[in-house]
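Peer 1: Add chain B to chain A, keeping to what the hints say.
Listed below are the residues making up each chain.
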Amino acid sequence: MTAIAQHQARRSGGDIVFAIVNYAVFGLLVVICAYPFYYLIINSISANDISALGDVRLWPIGFHLSNYEQVFQLKGLPLAAVVSVGRTVIGTVATVLASAFLGFMFTQERMWARKFWYRFTIITMYFSAGLIPVFIIMKNLGLTNNFWVYVLPWIVQPFNIILVKTFVESMPKELQEAAELDGANIMQIFFRVYLPNMTPILATIAIFSAVAQWNSFQDTLIYITDQSLYTLQYLLYMFINQASSLAAAAQDAGGNLGAIAAAATSQTPTSIRMTVSVIVVLPIIFIYPLFQRFFVKGIMLGAVKG
Amino acid sequence: MVSQAVLTEVAATAIEESADTRKRRRGRKQRTERGGKTSIGMFLCIAPFLVLMFLFSYFPLYGWVYSLYDYKPALGLEGSEFVGLQWFQMLVSSPTQMAQIGQVLLNTLAISFLGIATSVLPLAFAVFLNEIRAKWFRNSVQTLTTLPNFISWVLVYMIAFSLFSSSGLVNNVLTDWGLISTPIKFLDTDQNVWLAMTLWSIWKGLGWGAIIYLAAISGIDQSLYESAEIDGAGRFQKMWYITVPQLMPTYLVLLLLSIANLLNNGMEQYYVFQNAFNKQYIQVLDLYVYNIGMTGNSLSMATAIGMLKSVISVILLFSVNWISKRVRGTSIV
Numbered sequence: 056m057t058a059i060a061q062h063q064a065r066r067s068g069g070d071i072v073f074a075i076v077n078y079a080v081f082g083l084l085v086v087i088c089a090y091p092f093y094y095l096i097i098n099s100i101s102a103n104d105i106s107a108l109g110d111v112r113l114w115p116i117g118f119h120l121s122n123y124e125q126v127f128q129l130k131g132l133p134l135a136a137v138v139s140v141g142r143t144v145i146g147t148v149a150t151v152l153a154s155a156f157l158g159f160m161f162t163q164e165r166m167w168a169r170k171f172w173y174r175f176t177i178i179t180m181y182f183s184a185g186l187i188p189v190f191i192i193m194k195n196l197g198l199t200n201n202f203w204v205y206v207l208p209w210i211v212q213p214f215n216i217i218l219v220k221t222f223v224e225s226m227p228k229e230l231q232e233a234a235e236l237d238g239a240n241i242m243q244i245f246f247r248v249y250l251p252n253m254t255p256i257l258a259t260i261a262i263f264s265a266v267a268q269w270n271s272f273q274d275t276l277i278y279i280t281d282q283s284l285y286t287l288q289y290l291l292y293m294f295i296n297q298a299s300s301l302a303a304a305a306q307d308a309g310g311n312l313g314a315i316a317a318a319a320t321s322q323t324p325t326s327i328r329m330t331v332s333v334i335v336v337l338p339i340i341f342i343y344p345l346f347q348r349f350f351v352k353g354i355m356l357g358a359v360k361g
Numbered sequence: 005m006v007s008q009a010v011l012t013e014v015a016a017t018a019i020e021e022s023a024d025t026r027k028r029r030r031g032r033k034q035r036t037e038r039g040g041k042t043s044i045g046m047f048l049c050i051a052p053f054l055v056l057m058f059l060f061s062y063f064p065l066y067g068w069v070y071s072l073y074d075y076k077p078a079l080g081l082e083g084s085e086f087v088g089l090q091w092f093q094m095l096v097s098s099p100t101q102m103a104q105i106g107q108v109l110l111n112t113l114a115i116s117f118l119g120i121a122t123s124v125l126p127l128a129f130a131v132f133l134n135e136i137r138a139k140w141f142r143n144s145v146q147t148l149t150t151l152p153n154f155i156s157w158v159l160v161y162m163i164a165f166s167l168f169s170s171s172g173l174v175n176n177v178l179t180d181w182g183l184i185s186t187p188i189k190f191l192d193t194d195q196n197v198w199l200a201m202t203l204w205s206i207w208k209g210l211g212w213g214a215i216i217y218l219a220a221i222s223g224i225d226q227s228l229y230e231s232a233e234i235d236g237a238g239r240f241q242k243m244w245y246i247t248v249p250q251l252m253p254t255y256l257v258l259l260l261l262s263i264a265n266l267l268n269n270g271m272e273q274y275y276v277f278q279n280a281f282n283k284q285y286i287q288v289l290d291l292y293v294y295n296i297g298m299t300g301n302s303l304s305m306a307t308a309i310g311m312l313k314s315v316i317s318v319i320l321l322f323s324v325n326w327i328s329k330r331v332r333g334t335s336i337v
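Chains as they are written, first to last, in our numbering: chain A, 56 to 361; chain B, 5 to 337.
Errors might be hidden in some of the hints.
Now the in silico label distances, taken between C-beta atoms and shown as ranges [claimed, not checked]:
1. B:A103 x A:Y181: 41 to 51 Å
2. B:I319 x A:S283: 40 to 50 Å
3. B:K76 x A:P133: 31 to 41 Å
4. A:F118 x B:A103: 30 to 40 Å
5. B:K189 x A:S283: 30 to 40 Å
6. A:V76 x B:D235: 24 to 34 Å
7. B:R239 x A:R174: 28 to 38 Å
8. A:N240 x B:N279: 57 to 67 Å
9. A:I145 x B:L228: 47 to 57 Å
10. B:L228 x A:S121: 55 to 65 Å
11. A:R174 x B:L81: 23 to 33 Å
None of these hints come from the bench; they were simulated from the model.
Quick reminder that beta carbons are idealized off the backbone N, C-alpha and C, glycines included.
Isolated chain A (complex conformation) (with noise of 0.2 Å):
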């Protein structure tokens, strides 16, 4: 009896420092990930004059919210906010609709060579003609300098043309016969009775385009030249980068980069940056937990099928 009981307290001896460990390092990621966004956040609020010299590390100093008044003085940001959230709610429609009626397309199987469509629309995940040479394609269909460039290349995605394709057909087919024994055409089929009951998987693809939009800044450095059309995620990269066109806006947002130990609130570089920084990062963290279901969903929705 001692024998045993010896050896049960010394696995669960094990067992408690196993978890502790466990827990611990756990912990600590969580830290490493989320700390730096926390960081930004308590510079972006506190004095300025204090978090441009480093010293805001634990909590904010100062606590004053006129920064996020500020920084929309700043030349070009209102507009690049504009274009931002623009290509996001088109962009993100647009590719949501587009996904929704062609996954739902291509399970129809009396359209016209069906298979070599679907496989000529999917084929195109694996391959790409690479970056000068499409460069000069949206160069000659007039897309640079355009915002279109921002919307049109994205409204046809293979992956999400499967996602919905999977979806449609674990749904009985019952509900189509059933609405063209009434007379529905297959518009009518596709608008009131396939995409109301999407709904799981048109969210899962909104999210992903939606913070793929948002993010995206490559497009802008590839394509646009012209100022008007900076994205949010474009001017933050000038303001890191670029520490002239910084101090220049600072001047316009009323700022002193002279002296450092300026006024609490007039503009620095360091508070033009991590205000920019939270402006562009704060639309995704609260979005992401509301969704997080979604997603995770969707991913379950692929991997449990087989």
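Peer 2: Just chain B now, kept in the frame of chain A:
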């Protein structure tokens, strides 16, 4: 351009796709024959989208002819000089060009292999997180560690900049503690560039990469664990002999896909972290093509390199797919 996130998803569904289509193929064929008339109208409904697809994915392939010219945008293709295979010959004959492309290839492969070597981390993350009993803790860990995956590389760079620049948090703290007297240059250096890039990729992708394994773990048959317990298996034995082997198929698919993507590191991460100090070691193929094509204006040379890269990537994908068919019995594309 293909992000890790997309890859993960593609992997998940790709398996199901091939299995699914195969399963349904027979039934579907019968139905089509019975259904009779094919519909051109339905095709016309999707045709506008196919046109978009053609314009942005297929039509640019025609641009590969630029690699045979000395293309000057101002002159157009007609006005530019036809040079045949000059650019391709330069790649293998000009010593300076060879040295440069050699370094770029070395960077590309080194970063890719570091990525492959660290690809077990998400799996380990999932296996150990699964051992945590408190559900609230598990969920919070998952939520907070997945967050970095959803921010842009520009923002990652902003974080790197505010934490690791010479006036950044880390240097400030180390100076205050008296550990260093001059700031350490973490970003403006040519030391450990590959490793630093890999670490940032891990920071961004670890939590997200683990989700697919967590999903797989939740699908493992619980009776396996129960019978192992009856046989007296301890915690580690269960993890090692049940959980890990059950995750291997998923791991293998992801591994094969990352081999297929050896040359496709994307350019965004490397572009934002690029500076005068680290340029030699950070230029991967995608960034190199951008740098010489868009900033250096050798559009034709950049097209030639991009074209070789695309062709090799497709060959890699097919080979990996062939291996997958031989070893696992299912294709991955």
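Peer 1: State the violated hints by number, sorted upward, taking the hints as numbered earlier in the document.
Peer 2: 1, 4 and 7
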